[in-house]
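Chain by chain, the residues run as shown.
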Amino acid sequence: MNALRSLGSVSLLLALLGAPATAWAIPPYPGDLQTALKLNYTPQCAICHEGGVTGLGTVTTPFGVSMRAHGLTDDPSTFPGALAAMEADKVDSVGRGYSDIQALQLGQNPDTIPPNAIPTSPVPPDYGCNVGRGPAPPLLPVSIAGFALFFHALRRRRPR
Amino acid sequence: MKTRVHYPATARVMSRALMAASVVLVVALWPRSASAYPWFIRDGYTHCVQCHADPSGSGLLTEYGRAQGELLLRTRYPFEKPAEEPGRVANFLFAIPMPDGLLLGGSIRNGYLAYRIPGSGGTPATTATQFLWMQEDLHAQLQLGRVRFNGSLGFLPDPLYAGPAQLTSWSKDNLVMRDVFLGVDLGEDNEVLLRAGRINLPYGLRTNEHTMFIHTALRDDTNTDQQYGVAVAYNHGGLRTEAMAYVGNLQISPSVYWEHGVTGYAEYALAEKLTVGVSALAAESAVDLYTEVSLVRQAYGAFSRWSPFRSLVLMAEVDGLVESLNHQSVKPGYAGMIQADVMPFQGFHLIATGEAENDPTQAPSASVQGAWLGFDWFFAPHADIRVDAILHVGDQPSESLLGQLHLYL
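So the sequences go chain by chain: A and B. Residue numbering for the first sequence follows the numbering used here, beginning at 9 and increasing consecutively. Residue numbering for the second sequence follows the numbering used here, beginning at 191 and increasing consecutively.
Since the hints were made in silico from the structure, they are not lab data. Hints may contain errors.
Calculated lysine-lysine pairs in the DSS-like style (CA-CA distance at most 27 Å, straight line) [to be verified]:
#1 K521(B) - K98(A)
#2 K98(A) - K46(A)
#3 K46(A) - K521(B)
Being a predicted model, the structure only gives us computed values, none of them experimental.
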């Protein structure tokens, strides 16, 4: 019995060790991303894997979802094509106003909107120094003309 | 028996002045771009500072500038006596002399535009006519010793025409403020002016035609492109120059639309009627007012003015543009013009201009060539009439005829 348990344990161990390498190997994507975009840093796993927890079914961040939507799979050979497609489409996964690729090149997390970023649809400009709103006061020039006429009439008044 | 009361002369003058101002304001509400005439080089004026409160030209006139407006600018008629002195008509409102240290001015200009945009593909041609509210401003400067307080206040009924210069935020009939600054004259001969406020950008040739490519592509016109910042100008001998650092147009909100930058020019007179100059500009905005994405832009240019004889002035400017929209790759562009001003008799100018641009900020395509042909006639004291035929070909073709009537106070 003890031998069977041992054999079972060894078998299980061998099975685990013999499992597909992709389930356990360190993925190349962070390094591939750094190389492809000429970054001076290595992106963290968390830009694709929520909370940095890797494994099947954990690619749920906006950037990660976008990459998968552009062809990225577990097969590393799909990475260059997916990245090229992201770049061509200028994908902005979170509406920061510029692309995820640009955000990475700026050293930013592609899954968040930096405080100084401009939303995709900026607030329309408002002209004037907020001095008054709504309709203008009635006819300023006529008011000036009225004053001038009054002054002129006053000057022309002749005493009796 | 009734006795006529005699009022002091100043009261009579002020009354007439107010009446004249009222008529002008009510009847002739014409927007007008501040006038700049770089072709005054024909009379040996390589500098602008003698005639204008702005050391780089345009806008409020000095007393000397008013005199030249009467002596050199307008047509003198055979029935007039030869002018040695400008006379009272050169003054503010045709009559009012200013005390030392005070300059007052105003400008009223309206236009009428007829234009046609050719059709393409299945789209028919577009034709339209339009009354143009350009500018109508009052302008003043008070000088106390070496310190100047300068400002303008105008009125425009339609925000379409002067939004970036608006002071109020009403739905229509807004006040506009194009220029305001506090300045101090420095140097033994007041050759340096340091000022802070809302100021015309110093760059290249400062001309009236604010829709020309050298102004639309560079965004340096005197209509609405003023920015808030600090500028220092130097005028002495054959050299005139100005540099400015600016933080944006504070009359626009939110602040993401404020463009920050530096700009400047230097022009040198190689001869009495020949100048050459260079300009440079670098600026950025988080959200560009016209493209609504981030913009980083630079411009580097050269310009020249030459008058081989009094009846002819040639001017030219060429600018290289380097721009990046929305954090994307840098794109090059250019804008340039060459203009001939022929004056067959004093006050009457035949003006022909060729221009071209390739502006990366104008999507989807930006290569346009243009030609202007027209005249500007300063037919009476303080008044001129101008007509231009304007043709654009290339990516944005159009044909237009523009007439303007201008009165400066």
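Hint by hint, here is what the structure shows:
| no. | hint | in the structure |
| --- | --- | --- |
| 1 | K521(B) - K98(A) | 17 Å, holds |
| 2 | K98(A) - K46(A) | 17 Å, holds |
| 3 | K46(A) - K521(B) | 21 Å, holds |
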